[in-house]
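Student: If you read the protein sequences in the order shown, they are chains A and B. Here the numbering used here is used: the first residue of the first sequence is 1, the next is one more, and so on. Here the numbering used here is used: the first residue of the second sequence is 1, the next is one more, and so on.
No wet-lab data here; the hints were simulated from the structure. Incorrect hints may have been included.
Stated by the list, open to error - Chain A regions said to be covered by chain B (calculated; three or more residues, Cβ under 8 Å):
hint	segment
1	11–24
2	45–57
3	63–77
4	80–88
Stated by the list, open to error - Simulated restraints, written as ranges between beta carbons of each label pair:
hint	chain 1	residue 1	chain 2	residue 2	range
5	B	S641	A	C79	23 to 33 Å
6	A	E80	B	P447	44 to 54 Å
7	A	E80	B	G574	51 to 61 Å
Please read all numbers here as calculations on a predicted model, not as lab measurements. Just so you know, even glycine gets a beta-carbon here, dropped at the ideal spot from N, CA and C.
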Amino acid sequence: MDIIKQKNENELVIKISGRLDTNSAPELEKAIMESIEGVEELTFDLAEMPYTSSAGLRVFLKAQKQMNKQGHMKVINICEDVLEVFEITGFSDIIEIA
Amino acid sequence: MSTIRKLKKNLSFNIICSVVVILLMFSGIISVIGYISFYNSLTREYDETTYAICETAATLVDGDKIDAYLAGGEQEADYQLAQRRMDVLCEKMNVSLIYVIKVDTSDYGSFVSVFNSVNKKTDYTRWEAGYHREATNEEYCQMYQRLYSKQSDHEKIFRTRNLNGAPPHITSIINIENSKGEVTALLCVQRPMSALEEGRKPYLISISLAVVIAAVIAATVALNFLNRQFIKPLIEIRKEAQRFARENVAGNNKLDQSISHIDEIRILAASIEKMEEDTLKYIENLTQITSEQERIGAELDVARNIQEGSVPNVFPAFPDRKEFDIFASMTPAKEVGGDFYDFFLIDDDHFAMVIADVSGKGVPAALFMMVTKILIKERCRIAEGTPAEIVQYVNDRVCANNQADMFVTVWFGILEISTGKVFATNAGHNQPAICRGSGQFEFLPGPHSLVIGAMPDISFKTYEFTLQAGDKLFLYTDGVTEAINENKELFANSGMLNSLNKKKDGTAREILEQVKHDVHYFAGYAPQFDDITMLCLNYNGTENQMNKELHVEADIQNIDILNDFLSEYCSGIGCSMKVQTQLSVAAEEIFANIANYAYGEGSGYADVKLDCVEDKLSLVFEDSGIPYNPLKKPDPDIKLSAEERQIGGLGIYMAKKLTDDVTYRYEDGKNILKLVKIIK
Numbered sequence: 001m002d003i004i005k006q007k008n009e010n011e012l013v014i015k016i017s018g019r020l021d022t023n024s025a026p027e028l029e030k031a032i033m034e035s036i037e038g039v040e041e042l043t044f045d046l047a048e049m050p051y052t053s054s055a056g057l058r059v060f061l062k063a064q065k066q067m068n069k070q071g072h073m074k075v076i077n078i079c080e081d082v083l084e085v086f087e088i089t090g091f092s093d094i095i096e097i098a
Numbered sequence: 001m002s003t004i005r006k007l008k009k010n011l012s013f014n015i016i017c018s019v020v021v022i023l024l025m026f027s028g029i030i031s032v033i034g035y036i037s038f039y040n041s042l043t044r045e046y047d048e049t050t051y052a053i054c055e056t057a058a059t060l061v062d063g064d065k066i067d068a069y070l071a072g073g074e075q076e077a078d079y080q081l082a083q084r085r086m087d088v089l090c091e092k093m094n095v096s097l098i099y100v101i102k103v104d105t106s107d108y109g110s111f112v113s114v115f116n117s118v119n120k121k122t123d124y125t126r127w128e129a130g131y132h133r134e135a136t137n138e139e140y141c142q143m144y145q146r147l148y149s150k151q152s153d154h155e156k157i158f159r160t161r162n163l164n165g166a167p168p169h170i171t172s173i174i175n176i177e178n179s180k181g182e183v184t185a186l187l188c189v190q191r192p193m194s195a196l197e198e199g200r201k202p203y204l205i206s207i208s209l210a211v212v213i214a215a216v217i218a219a220t221v222a223l224n225f226l227n228r229q230f231i232k233p234l235i236e237i238r239k240e241a242q243r244f245a246r247e248n249v250a251g252n253n254k255l256d257q258s259i260s261h262i263d264e265i266r267i268l269a270a271s272i273e274k275m276e277e278d279t280l281k282y283i284e285n286l287t288q289i290t291s292e293q294e295r296i297g298a299e300l301d302v303a304r305n306i307q308e309g310s311v312p313n314v315f316p317a318f319p320d321r322k323e324f325d326i327f328a329s330m331t332p333a334k335e336v337g338g339d340f341y342d343f344f345l346i347d348d349d350h351f352a353m354v355i356a357d358v359s360g361k362g363v364p365a366a367l368f369m370m371v372t373k374i375l376i377k378e379r380c381r382i383a384e385g386t387p388a389e390i391v392q393y394v395n396d397r398v399c400a401n402n403q404a405d406m407f408v409t410v411w412f413g414i415l416e417i418s419t420g421k422v423f424a425t426n427a428g429h430n431q432p433a434i435c436r437g438s439g440q441f442e443f444l445p446g447p448h449s450l451v452i453g454a455m456p457d458i459s460f461k462t463y464e465f466t467l468q469a470g471d472k473l474f475l476y477t478d479g480v481t482e483a484i485n486e487n488k489e490l491f492a493n494s495g496m497l498n499s500l501n502k503k504k505d506g507t508a509r510e511i512l513e514q515v516k517h518d519v520h521y522f523a524g525y526a527p528q529f530d531d532i533t534m535l536c537l538n539y540n541g542t543e544n545q546m547n548k549e550l551h552v553e554a555d556i557q558n559i560d561i562l563n564d565f566l567s568e569y570c571s572g573i574g575c576s577m578k579v580q581t582q583l584s585v586a587a588e589e590i591f592a593n594i595a596n597y598a599y600g601e602g603s604g605y606a607d608v609k610l611d612c613v614e615d616k617l618s619l620v621f622e623d624s625g626i627p628y629n630p631l632k633k634p635d636p637d638i639k640l641s642a643e644e645r646q647i648g649g650l651g652i653y654m655a656k657k658l659t660d661d662v663t664y665r666y667e668d669g670k671n672i673l674k675l676v677k678i679i680k
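The shape of chain A in the complex, shown without the other chains:
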């Protein structure tokens, strides 16, 4: 899994490429926590992410909780299989999918 971050003042875009699973989720979590301070607009670009498990969802939930305190968060370019996971778990209700 590769993570590309683009930070523009208080906006942060995180692009994830590859599988987000139990092994790679902590890496994403670390990447977010490093950069989230002061961010008011957090965007996850999931165009290149074909897969996520509950471990990935946990990271998104944690980020969402944090952003609820300091700004706004959304995910974009979500693929069908990942969207299904979001829907099954009700995450599509708590995370904005644009």
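Once you've looked at the hints, dock chain B against the given chain A.
Tutor: For chain B alone, kept in the frame of chain A given last:
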């Protein structure tokens, strides 16, 4: 020009010219010798007759009266009588001049004419008596002196050259003595040598003519001889040699051995005849050998067709059997080879594969190969048996009639199609190569037994291995690994494995053709040294009864292994990507649960079993950890807000949602969680 050049090269022309030149030189020499002797005898004759005339004329002159003649003058009766008689003699004897002179004896350089008779037919002027004249030259002076001093009584002088138009003549001189024996005068007779003048030309013409005629006769005889004994035979021999070179068949007429009396020519003719006979024999032999070779070549072509037809060579060989895909090829180094492969269904669930290499190459190996091949197949047909039993049966039959002490290395395996189990016997053959799952091709070790045909009544070892769906088995003969290039380097095991791995995900045909291509490319222009035979089996597993197992340490790090295992299986049975992703998420959740909780602080293993029956794919997780039924845990409330949500329990919930059925049981100390997914 070209005609002259041709003539110069013509043997007859050269010989004729040589003979003519030699004869002309010869006749020239004869003519010269003849002329010299003719001249000598003629002058001698003239000398003698002229001397006789001198003697006769001398009788007319009185030696005592010389001074009296001169004193008395021409009117004296004695003088006139002598002069008249001398004139008559001159006319009768047909001489030019008769004259008597008195030489001045002081120096012999001058003389006085006494008598002088001139033949009327000549243009000479008569000298009157007393006419004084200088001697013609020193030669005359010396002659006069010799005659006066009586050193000789007869002198002669021939004038045949430098005559200023005068005819050749001889002048003969004698002395006239008085009664006291003193020389008082000289008498000279000049006689024309008309016979020489007249006789010389005809003589020369006749002798030349005679010599030319003789030369022509000699040349004709010589030419006739040469022509008959030398040139004609040579031309005959040349014609015969030319004809033979052109036609290459025996002539109607043989060269006559009596073609010539010359030994060399006869030997040459005999040699040409012998050469023709030998050449014809060689041609006949060669024709026979060539036609024999053509016949053998045609037979070998047929044999090759028979051999190629004797092994299954129509692909796909079993289009109805989806459980496996097979491809094989056989490329003999010669027309026919000693390698062979074979495969056939023993029954619906048992598939036999053979690859073999007979010692040696060519026809003997091909015959041996056919025997072995038929024995193996027939033994499989008539009764069941392990590969070892079958190979042992074949070995005993082969040994019983092995006249040529040949042997054959065989790898023989029987695949149980439903399970992927292979029972094999390796009788001295190369180890097969195998590619398991997504791994690389590697050699499959197994026990070796003795080659077939070496010794009767020996036992063979059977060994067993299992092919999983997606595994590939590659069988080959040493023609592949021992292929050499122009630098005598071996393609070797490493070359073969590299080649196999280039196309390890391909079909059996693609894999085999890759190896074939690489061997060919490697060998370059080096001739194929050994038969090259290959067989590749891709085992797809059974569609309705495919199972696979993964035994793995329950560590979260091994999720990738689990994922590879699953995705490979799913690709093998043709799952859609969507189903594959769903299963993958479900499997990860269960595995993560086991890894995180089943063994507490310790560690253990998880067994993952995949099975597919029709469209139902079952995924079973087994662990020996703390008994725990995750299904008892209530589902998380997915309606809660982000702030209220707990992450625990979400994984099992997702697994349930993404599959069609989830069950749990605890059995034999194992937690057994089974997920079922309808894949179509």
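Student: Where does the structure disagree with the numbered hints, that is, which hint numbers, in rising order?
Tutor: Of the numbered hints given earlier, the structure breaks just one, which is hint 7.
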